[in-house]
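> Protein chains in written order, with the UniProt record's numbering: chain A, 1 to 429; chain B, 1 to 429.
Don't take each hint at face value.
One copy or two, it doesn't matter: identical chains are merged, so the pair holds either way.
[Said to hold, decoys possible] 35 Å max Cα-Cα, derived DSBU-like pairs, lysine-lysine:
no., residue 1, residue 2
1, K175, K398
2, K49, K121
3, K24, K345
4, K29, K50
5, K39, K121
6, K29, K88
7, K29, K92
8, K50, K182
9, K154, K24
10, K154, K41
11, K412, K349
12, K154, K182
13, K39, K154
14, K121, K41
Derived by calculation from the structure, the hints in this document are not laboratory data.
There are 2 protein chains.
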Amino acid sequence: MADQLRIGILGFGTVGSGVLRILKNHEPKLNQVTGTTLKVKKVLVRDLKKQRGSIADGVELTMDADEIINDPEIDIVVEVMGSIDQAKEYIKKALTAGKHVVTANKDLIALHGNELVALAKEYNCDLYYEASVAGGIPILRTIVDSLASDEIQKVFGIVNGTTNFILSQMTNEGKSYSEALKEAQELGFAESDPTNDVDGIDAARKMVILTRLAFGMNVELDQIETKGIRDLQQEDIKMAERLGYKIKLIGSAIQSESRISVDVGPILVPVNHPLASVQNENNAVFVVGAAVGETMYYGPGAGELPTANSVVSDVITVAKNIRLGTSGNVFGSYQHETNLAEDTKVFNKYYISIEMQDKTGQFLALTKLFSQFDIGFDQIIQQPLSSDMAKVVIVTHKITKAQQKELINAFKDTNEMNLLVCFKVMEGN
Amino acid sequence: MADQLRIGILGFGTVGSGVLRILKNHEPKLNQVTGTTLKVKKVLVRDLKKQRGSIADGVELTMDADEIINDPEIDIVVEVMGSIDQAKEYIKKALTAGKHVVTANKDLIALHGNELVALAKEYNCDLYYEASVAGGIPILRTIVDSLASDEIQKVFGIVNGTTNFILSQMTNEGKSYSEALKEAQELGFAESDPTNDVDGIDAARKMVILTRLAFGMNVELDQIETKGIRDLQQEDIKMAERLGYKIKLIGSAIQSESRISVDVGPILVPVNHPLASVQNENNAVFVVGAAVGETMYYGPGAGELPTANSVVSDVITVAKNIRLGTSGNVFGSYQHETNLAEDTKVFNKYYISIEMQDKTGQFLALTKLFSQFDIGFDQIIQQPLSSDMAKVVIVTHKITKAQQKELINAFKDTNEMNLLVCFKVMEGN
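Kindly generate the complete structure, drawing on both the sequences and the hints.
Encoded structure:
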C-alpha cells in the first residue's frame, strides 16, 4: 500500500489544467482526506512548446500517451482529452496495465461503459466517471451511495444544459426556437451542429449511464424513446403556461415490478414543481428511493471548473479505495437483467395538440377518436388558427403508453385532424 | 483491522428500528461497499418485555446503556434515543471507551458539538451526525466532500420543515398563520409547543452545524440574528406575491473576506428561484463553491426512514474510515478562527411594510426618513388600510445591515409611522 499515489493526466485543456490546479492548491486537505499523498507525475499534451506557466512546474509533459500508460510508477490515469476511439484505446491500455482510471468522457461511457467496466473488474481496477453526467453535481456518487442502503425507484430530471437554456429563453423571453438556439451558440452553450443536444441524444446517453447505475440495467440508446425540442413551438410553451405547466426536456428512468422504462423528451412540468424553476444551463436530477423518498440534486451541468471538481472527487474515491483494498468494486458493480416495461404497464397523462378544420361535427369526431381508445380528457383548450382551422389542446387522463401509441397511429389515418405534438405531463406538487 | 465491525444502538424507537432493518436487509450490499461485515450486537431499549417481532432476532436487547458502552467487542455506537443530557453522557462515555459514534441528535450537536468533536479527536474516534440537518439529504457529507477540493462561499436554504409546511399552507391555500399551525400540529409536523420551530431556533441550531462544517467557524446561537414566522401576516404573503416573491424561512451563512454572516428569518425569494418551489415539509440547501458554483440539495427534512437512511450512511463512512485508518479525521475537522462580518459589510435588499396615517405630507416624511440613511427604493406599493390609515410596502435598493438597523431605530422614534416587518429580499433568477 503506497504512501504516495502518482497520477497521469491525459489532456491539458481547460478541464485538465483545472484538475491539476485543484490537486496542487488543495494538497494538504486532499492528503488529510485520503490518508495518502496525491502527486501528478505526467500530463499528456498536444504541443510541448506551448507556454503553460507555473501550473506545470514539477510535472513532466509528454506528447506520447504510452509514457503515461506504461509508467509503472503511475497508479491513476485521468482521461480528460475527449473523443471516443482514441480515449477508449488509452483507457483500455491503462486498465490492462493495472491502473485505475477517472474519465469525464460521457459519450465513451454511454457507448462503451460496459466493456470498460468489465475490463476494469478483470484487472481489479477502479473506473470512475462522475463528471460525465450533470457536470458539477455529485449525482452518480449519490446514486451509488443511496443504493447501499436503499432501493431506487425513479431517476429523472434535466440532464442537458443546452436544451434547458434554449427552453428557458423561449419561456422567459418569448424567443422562437431558432432565436434561442442562435443565442445558445453565441454564448458557447450549443455547438455549431447542435444535433446531439437538441434531438435529445446527449440526454439519452446520460440516461444510459444513470439507468446502469441506479438499476443495474443496460439499456441501449435505441431502447430509449427519444424526442428532442427541434419542433417545439412558442405556441406550445404559451399553451402549457395557460394550463399551469412549463415545458422541460426531461430524461426519465422508472422502475416498476423489476422492469424499467426509460425515455427522453419534452414534458409538461407543473409550474410549482422544483424542476420547473431550473433555469438556463443548469441541470437537476431527482432520485426517488423507497426509504429516503424524493430527493433532488441541482447545479451546473457543465463548465470547466465544476467538471474538474467532479474529476478530483473521483480521484479522491479511487485513492480511498486503493487504501481500503476495495478497488474494482464500485460505479456500475450492481448488475441486473435488463427488462423493459411493457407499454400496457407504463402510465402517464399526455399533452396533445391538434390542428383541425373548424367545422360542425369536427369536435365530435375528435371526441370519438379519443373515446375509441378509452382516453378521457382532463383539460381542453380550443382556439381559432385561421378562418377555417382551429387548434385544440388536450391534457388526457392517465393512460398507458399502449393507448397513447394507438391514438397516435389513429391520427395518421385521418385527413381532417393533424396531430402536432404529444408530450408527457408530469404529476405532483 | 477487524473483519467484522459490531454495532450497538442506543434507542429502539422508529429511527432505531429503521436503522436495524436497513442494516439487516442490505447486509450483502453493505459488506461489499465497506469491505467488512457490519453486525448489530446490542440495542438499548426502554422495556425488555415489549414484543419486537423478527426484526430483533439475533440481537441482544438491554435496558442498561453501560452494557453497550462498556462492551469491548462493540466498535460503533449509534445514538438515536433523543434528549440532550442523557445522550451526551452516553456519547462521551462511548468516545472515551474508544468507540466511534453516529448520532441523529441535532440539538445535542448544535449545543455541545465542539466538546464532543474535541473528545472524539482526543480518543481518535469518528463522530458523525448527517441525520441532524435536513434529515434524508446528504448535505453535511456533501459540504465536507466539497471542501476537500473547493472553497465554500455560501450555504443557505430551507432547513426547517415545520415552518416551510406552515408557509406553504399560508401561500397556497390562503390560510392564516394559526390555521396553518393547527394543521401542521394535527399532521404531526409541529409539536404542541411549536416555539423551537416557529421562532427559528431549530433552523438557527442547524445553521450552527452547517457553519461549523462549511467554514470551520463556531458561531453561538446568540450570534445568529434569528427571526421566526409567528408575526407573519397573510397580507405580507400576498404583497410579496404581487412583487414577484414567495416568503420562505431561510437560514443563511455567507463568507466574505474571511468573515461570516449567519442569520435566520423570513426572506422574500424570487418566484422563479428553485427555493420558491420547495413545498410543505421538504428542505433544500444551496451550497455555493468557488469552483463548482451554485448547487442545491433537496429532499425530506425529517421522517423515520430518511433519518435512518442517513444514519446508515454515516455508519458506512465510519466503517470505511476504520479500514482506511483515517478515524477521528472528518466532520468538523476544518477549524478556523470565528470572525463575524461587520454590519457595514453585509449587503441586502429589504422588504419593509409600514402602517401610517393617510394624510398629506406623510409620504414625504416617509421618503425623508429613508433618504436620511441614503436608502433608495426599488419598488413601492401603497394601499388604504382604513379611512385614515394606509399600508406602504417598500423594497429597498441594496443597503448595508448597518443602514437597515439605523432605519429600524428611526422608526421607533416616530409616532405617525409604524414599522410592521422588515425582511431580507433574495436576489437572483
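> If a hint holds in the structure, say so; if it doesn't, say that too.
Evaluated hints:
1. For a Cα distance limit of 35 Å, the shortest separation of K175 from K398 qualifies both inside one copy, at 31 Å, and across copies, at 31 Å.
2. For a Cα distance limit of 35 Å, the shortest separation of K49 from K121 qualifies neither inside one copy, at 38 Å, nor across copies, at 49 Å.
3. In the homo-oligomer, the alpha carbons of K24 and K345 lie at most 35 Å apart only across protomers (32 Å), although the nearest pairing inside one protomer, at 52 Å, exceeds that limit.
4. Taking the shortest alpha-carbon separations for K29 and K50, only the intra-copy value of 31 Å comes in at or below 35 Å, while the best inter-copy value is 48 Å.
5. When the C-alpha separation of K39 and K121 is checked against a cutoff of 35 Å, the pair qualifies both within a copy, at 25 Å, and between copies, at 28 Å.
6. In the homo-oligomer, the alpha carbons of K29 and K88 lie at most 35 Å apart both inside one protomer (32 Å) and across protomers (30 Å), since each shortest distance falls under that limit.
7. Both within a single protomer and between protomers do K29 and K92 lie at most 35 Å apart by alpha-carbon distance, with minima of 31 Å and 28 Å respectively.
8. In the homo-oligomer, the alpha carbons of K50 and K182 lie at most 35 Å apart inside one protomer (33 Å), although the nearest pairing across protomers, at 69 Å, exceeds that limit.
9. Taking the shortest alpha-carbon separations for K154 and K24, only the inter-copy value of 23 Å comes in at or below 35 Å, while the best intra-copy value is 38 Å.
10. Taking identical chains as interchangeable, the C-alpha atoms of K154 and K41 lie at most 35 Å apart only when they sit on different chains, with a minimum of 34 Å there against 41 Å within one chain.
11. For the homomeric pair K412 and K349, the shortest alpha-carbon distance inside one copy (21 Å) is at most 35 Å, but the shortest distance between copies (56 Å) is not.
12. Both within a single protomer and between protomers do K154 and K182 lie at most 35 Å apart by alpha-carbon distance, with minima of 34 Å and 34 Å respectively.
13. For the identical chains of this complex, K39 and K154 are inter-copy neighbours only, at 30 Å across copies versus 39 Å inside a copy, given an alpha-carbon limit of 35 Å.
14. Taking identical chains as interchangeable, the C-alpha atoms of K121 and K41 lie at most 35 Å apart whether they share a chain (25 Å) or sit on different chains (34 Å).
The structure fails hint 2 only (numbered hints given earlier).
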